[in-house]
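*Asks:* Each chain, written out:
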Amino acid sequence: MERLRDQVHEADPTRARAADLLRSERPLPRSREREARVRAHLDDTRDRRAILMLRPAVALCTILLAGVASALVGRAVYERVTASATSAEKTHLHSAHRESPARILEAPPAPSLAPTPEQYRHGATHRSFSRTEWHEESHALPSLDALPTPSGALPAPEAALTVPMPPTEKPTATAPPAHTDELEAELVLRAAKALRQDHHPAQALSALENYLQHYPNGALGEEAWALAIESAVQLGDPRASYFANQYLVRFPSGRYVQAAKNAQTLSAH
Amino acid sequence: MVPQLLSKGLPGASLVPRMSIEESRISLDFSEVYTSWFHEVSRWSRALGCAEAEMDDIAQEVFLIVRRKLDEFDGANLPGWLYRITSRVVANHRRSAWFRNLLLRNRDEELEAVVYVGTSPADSLEEKQRREQLYRVLKSMGPKQRASLVLFEIEGYSGEEIARLEGVSVATIWTRLHKARKQFLARVSQLGEDGV
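Chains as they are written, first to last, in the working numbering: chain A, 3 to 271; chain B, 31 to 226.
No lab work stands behind these hints: they were computed from the structure.
Every beta carbon over 12 Å from chain B, so not counted as near; a handful from chain A, in silico: (1) C63; (2) G69; (3) A71; (4) Y80; (5) E81; (6) S86; (7) L185; (8) Q199; (9) H201; (10) Q215; (11) N219; (12) V251; (13) Q266.
Not the full set, but computed from the structure, chain A residues with beta-carbon under 10 Å of chain B: (14) R7; (15) D14; (16) T16; (17) R19; (18) A20; (19) D22; (20) P29.
Yeah, the Cβ is synthetic: ideal placement off N, Cα and C, and Gly gets one too.
I would like the entire structure built from these sequences, with the hints used as guidance.
*Replies:* Below, the structure written as structure tokens:
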């Protein structure tokens, strides 16, 4: 095969142009300078073989370091996400639980279903109530009209009750698990329903006592105390004053302060 | 001792190393291999599509591999072995260059690297344009056709030498050259008067 570049007198213009283009490039000339330069670089990189042998170890270390770093970062992110998710879930749970009790609390109270204090004393199961705090002779059944009903949605406070309980004890900041929240809310909701819908304050008070015993630092403590005050007032229970005192000590600026003060006033008379 | 890669009457014939296959089996000293084959490796790398500015890097990388693997080489067809190493290094280099161009800039390094030589500015300009056209056409061809064409037409290798380098039959090389030439002529015919 004849080389195209050697076809000098080509009639075909395309072939002539192609030959011309091919002739424009010459064979690569030998360059001793380039040869020496590359050789010098090669001698400089003689130790590169040792570096290449270390490459797997370096790669392994890099992978390990990257893995450890990823694990640490992932753990931190996971903890942050979990914490925020728990917080959001708790907030959601509180708001969800607030709706029902709020409606129930705003329902008109039963005016005349409360038993007498004597009836309550016979059936009461509370353990550490100090009767001296209550003046039985002054216990005409209080009207709920005189006791301000907590208005609006229930807040999400922290409170504690063991009966009796040191009044200075403050709620802890530890967040309970979600299922505990549900149980708490269930107890308070049941009490609110018994009080407002079923007009059964004794049952409500029992549920609230149960709640305050099991969840002294419960998230719905303030509501529980307020409902306990209201239940005791409806029952004519002398513990209404005690509940009111406890509420005022624990929640001096709470939303049900006025109700607690009214209960104290009623019990004082 | 008859040189196996000696071309007759071709432009690059005098530059072909005077080392036979038999000789290469016996003496595989790195320095001797380097001295004998450095220029050939540079020619092959240019035929394989490497820009002139990158030839030093390619040659250095090729001979690093040669130095590392020379002990494992069985001594058969040293040019073919070197050519295979060169083609792999050039291919890797082109891939990495493609990534570099993709990430950093979008330039045609190969065309920019064309060296301009000429007796006068007008000649230089004309030669520059023709060489740019040539490389533009070559760049548009497939790698095998391009390598065969450059080795045959520009570097002056014979078909037999190219076949030995690439480890294929001579008939395959002639077929490849025929297709390459056809492709080259088609591309040249598509060039406008201004060469674009």
